[in-house]
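Protein chains: 2
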Amino acid sequence: MISSEQALELILNSTQDFGVEEIPFLNSVGRVLRENIVADRDFPPFNRVAMDGIAIDFKSFKKGQTAYTVEGVQPAGSPQETLQNTENCFEVMTGAVLPKNTNTVIRYEDLKIENGVANILIEDINESQNIHQQGSDKKEGVVLIPENTIISVAEIGVLATVGKVTVKVAKQPKVMILTTGDELVNVEQQPLAHQIRKSNVFTLVSLLERIKIPAEIAHITDDKSTLKQKVKQYLQDFDVLLCSGAVSKGKFDYLPEVFNELGVKKLFHRIAQRPGKPFWFGETDYCKVFAFPGNPVSTFVNCLLYFYAWFYKSNQVEILQETAILTEDVVFKPNLAYFLQVKLSDKFGHVLATPVKANGSGDLASLVQADAFIQLPKTTDTVFKQGYNFPIFRYR
Amino acid sequence: MISSEQALELILNSTQDFGVEEIPFLNSVGRVLRENIVADRDFPPFNRVAMDGIAIDFKSFKKGQTAYTVEGVQPAGSPQETLQNTENCFEVMTGAVLPKNTNTVIRYEDLKIENGVANILIEDINESQNIHQQGSDKKEGVVLIPENTIISVAEIGVLATVGKVTVKVAKQPKVMILTTGDELVNVEQQPLAHQIRKSNVFTLVSLLERIKIPAEIAHITDDKSTLKQKVKQYLQDFDVLLCSGAVSKGKFDYLPEVFNELGVKKLFHRIAQRPGKPFWFGETDYCKVFAFPGNPVSTFVNCLLYFYAWFYKSNQVEILQETAILTEDVVFKPNLAYFLQVKLSDKFGHVLATPVKANGSGDLASLVQADAFIQLPKTTDTVFKQGYNFPIFRYR
Numbered sequence: 001m002i003s004s005e006q007a008l009e010l011i012l013n014s015t016q017d018f019g020v021e022e023i024p025f026l027n028s029v030g031r032v033l034r035e036n037i038v039a040d041r042d043f044p045p046f047n048r049v050a051m052d053g054i055a056i057d058f059k060s061f062k063k064g065q066t067a068y069t070v071e072g073v074q075p076a077g078s079p080q081e082t083l084q085n086t087e088n089c090f091e092v093m094t095g096a097v098l099p100k101n102t103n104t105v106i107r108y109e110d111l112k113i114e115n116g117v118a119n120i121l122i123e124d125i126n127e128s129q130n131i132h133q134q135g136s137d138k139k140e141g142v143v144l145i146p147e148n149t150i151i152s153v154a155e156i157g158v159l160a161t162v163g164k165v166t167v168k169v170a171k172q173p174k175v176m177i178l179t180t181g182d183e184l185v186n187v188e189q190q191p192l193a194h195q196i197r198k199s200n201v202f203t204l205v206s207l208l209e210r211i212k213i214p215a216e217i218a219h220i221t222d223d224k225s226t227l228k229q230k231v232k233q234y235l236q237d238f239d240v241l242l243c244s245g246a247v248s249k250g251k252f253d254y255l256p257e258v259f260n261e262l263g264v265k266k267l268f269h270r271i272a273q274r275p276g277k278p279f280w281f282g283e284t285d286y287c288k289v290f291a292f293p294g295n296p297v298s299t300f301v302n303c304l305l306y307f308y309a310w311f312y313k314s315n316q317v318e319i320l321q322e323t324a325i326l327t328e329d330v331v332f333k334p335n336l337a338y339f340l341q342v343k344l345s346d347k348f349g350h351v352l353a354t355p356v357k358a359n360g361s362g363d364l365a366s367l368v369q370a371d372a373f374i375q376l377p378k379t380t381d382t383v384f385k386q387g388y389n390f391p392i393f394r395y396r
Numbered sequence: 001m002i003s004s005e006q007a008l009e010l011i012l013n014s015t016q017d018f019g020v021e022e023i024p025f026l027n028s029v030g031r032v033l034r035e036n037i038v039a040d041r042d043f044p045p046f047n048r049v050a051m052d053g054i055a056i057d058f059k060s061f062k063k064g065q066t067a068y069t070v071e072g073v074q075p076a077g078s079p080q081e082t083l084q085n086t087e088n089c090f091e092v093m094t095g096a097v098l099p100k101n102t103n104t105v106i107r108y109e110d111l112k113i114e115n116g117v118a119n120i121l122i123e124d125i126n127e128s129q130n131i132h133q134q135g136s137d138k139k140e141g142v143v144l145i146p147e148n149t150i151i152s153v154a155e156i157g158v159l160a161t162v163g164k165v166t167v168k169v170a171k172q173p174k175v176m177i178l179t180t181g182d183e184l185v186n187v188e189q190q191p192l193a194h195q196i197r198k199s200n201v202f203t204l205v206s207l208l209e210r211i212k213i214p215a216e217i218a219h220i221t222d223d224k225s226t227l228k229q230k231v232k233q234y235l236q237d238f239d240v241l242l243c244s245g246a247v248s249k250g251k252f253d254y255l256p257e258v259f260n261e262l263g264v265k266k267l268f269h270r271i272a273q274r275p276g277k278p279f280w281f282g283e284t285d286y287c288k289v290f291a292f293p294g295n296p297v298s299t300f301v302n303c304l305l306y307f308y309a310w311f312y313k314s315n316q317v318e319i320l321q322e323t324a325i326l327t328e329d330v331v332f333k334p335n336l337a338y339f340l341q342v343k344l345s346d347k348f349g350h351v352l353a354t355p356v357k358a359n360g361s362g363d364l365a366s367l368v369q370a371d372a373f374i375q376l377p378k379t380t381d382t383v384f385k386q387g388y389n390f391p392i393f394r395y396r
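So the protein lines, in turn, are chains P and X.
Read in order, the letters of the first sequence are residues 1 to 396 in the numbering used here.
Read in order, the letters of the second sequence are residues 1 to 396 in the numbering used here.
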């Protein structure tokens, strides 16, 4: 049995690049960018009027002039006009090109315009004011969004502005989610007394959708030869096999044997943690195998921690490790890392983590009351004190 | 000009219920639940074996017995077996029904099984151990997920377990995103010197997708009669009109006039904040109108703050207001609420907000460097001190 840290290290040493694909930019939120996005022009691309009002040559104002004949209007979206007489002004609109021979914008609020003459009502005017200078945000050629960024709503506007109709992103691995367990029936079925409905498969599908990975799903009865035949095929057809169940010590927990017989190289089996201890991880030359224990909280936490970490590292994405402060003492005797469901709250810029009373790794409903797992380290100390902070893994 | 707080109050007094629809549970992540999800059976529905091993009658062990003949196997997914002789045992698998006449499970790690006899290797055994007792997580009829929860990956497993093939969720409003600005060309076009590509429309589409609202989009030239004709139609056909541009003081900022002429009741125009000051908000009996100023950062922050708040309140969802701690002093002189882009980091359970140098509300690219806006209140104090905490609005 290895530690959680060792398990993570083995998983992170086993990452893989799945290549690049090009997709419409508007579908790219949540995907990992695989090219630098560069400014195709200066940002803004011209001296841009930043307030509705008039544009003047500041020299005239400096000489004491306060009344300006309006020579014309410069709307946004029109080619640049030219002020012919530098003692006149142009009416200018936000987003417009600043007219030639002008260098200062005075907003309507500070003007009175009558009979084609704009009178400036204030004295405090600075040269170049209310102009968004060409290239002042970014210069042409500068990297606006670096490679390996997870694309968010903020990047979408920039992609549009530079004309990236399609964008290069990391290709997602082909994932098969494989669940076992003869006690499981379909969601639409009425279970018999000794049966329950499938749930882990859908939790895994949703956890993968959260990081934009579509997955296929299969459920196999607890029959070794069927299992072996299917797994053999999946190892060939998929990049990743995510399994739930059949990895512990039960008589029908055939997966470790099956993997062994099919030549999957075991990297570890069992982690000194709770929940999720009997996690099995291995690989072939072409496929990674994450085989999680079948208890719902075990499957959930292992996917959230280990599969996510593997996925982000595979995509060269650095994820900020969040931490939170325990609001009460937690007593945990076993010498195992402890992943505990917590409800998060916020106080004065602190993230507070309140443990959720749960009933072991089978207690699926407890996840609903929490927002995250907090990671309490494997230690011989059995009390984790209120006020101390530990890493958290959010799932909302 | 009203304060940010007053604007929010007016918006939150103008919320609306858009009814209920029923959708497949697996598509429901991010949607707002509109029914209580109730345990259809006890959780777990039977005394469930929690470890692979043997099940015994504890009375025999208490009398000193340590060797048990294996009477049979109780796999997960099989009807409940009965232990015939209470001095024998049953092999039991995780997830199985506990056999009749047994009440304690001893895991394989603590056993040696030879020639059909299980020998218990340890002395420290408690009655009822390793059994997940029927109804111990939740009793039949208990509410597992309350109405008005935003469905996350955690809820998906519970919905599956209770057989909710479809689930009732809040219907989304029908939204039209309407942008204006003659300087704007399509993403695939090469802009002329005085033109730029559209971006706000896509930012708004993405901000809405983030809360699972699909939207239609339209771009209209800065021509009053066209604008009026289109807006008239949209006010009839949509629940919400989200506009970007044409609400400030420019000669072609026709929207406020158009809304007035079409009988849209103005609730406010202009908020004492930066960016996003010229925001116009109003309503008809059937349609809410959020008309944001066209600068990209203005549109972004107003949608993130005000439209999101309106949407959550409309759906009776309480959102945790997060806060963060400034890592450096911020000087801001205008007597306006200030929404500043910040990069977030984490230290010892504290959320730290570092201001991102930006170049005003036109500086779209600055959003890429930040994770959130921090809300600095309207005050006559011009320095916001390092170490103080303020509300934040994340967009990643």
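Check before you lean on any hint, since a few could be wrong.
Pairs count within a copy or across copies, as identical chains cannot be separated in the list.
[As the list claims (entries may be wrong)] Distance condition first, Cα-Cα at most 25 Å in a straight line; then the derived PhoX-like pairs of lysine-lysine: (1) Lys112 / Lys251; (2) Lys347 / Lys313; (3) Lys385 / Lys347; (4) Lys249 / Lys171; (5) Lys385 / Lys230.
Just so you know, the hints here were simulated from the structure itself, not pulled from any lab data.
No experiment lies behind these values; they were computed from the predicted model shown.
Of the hints given before, which are not true for this structure? 4, 5
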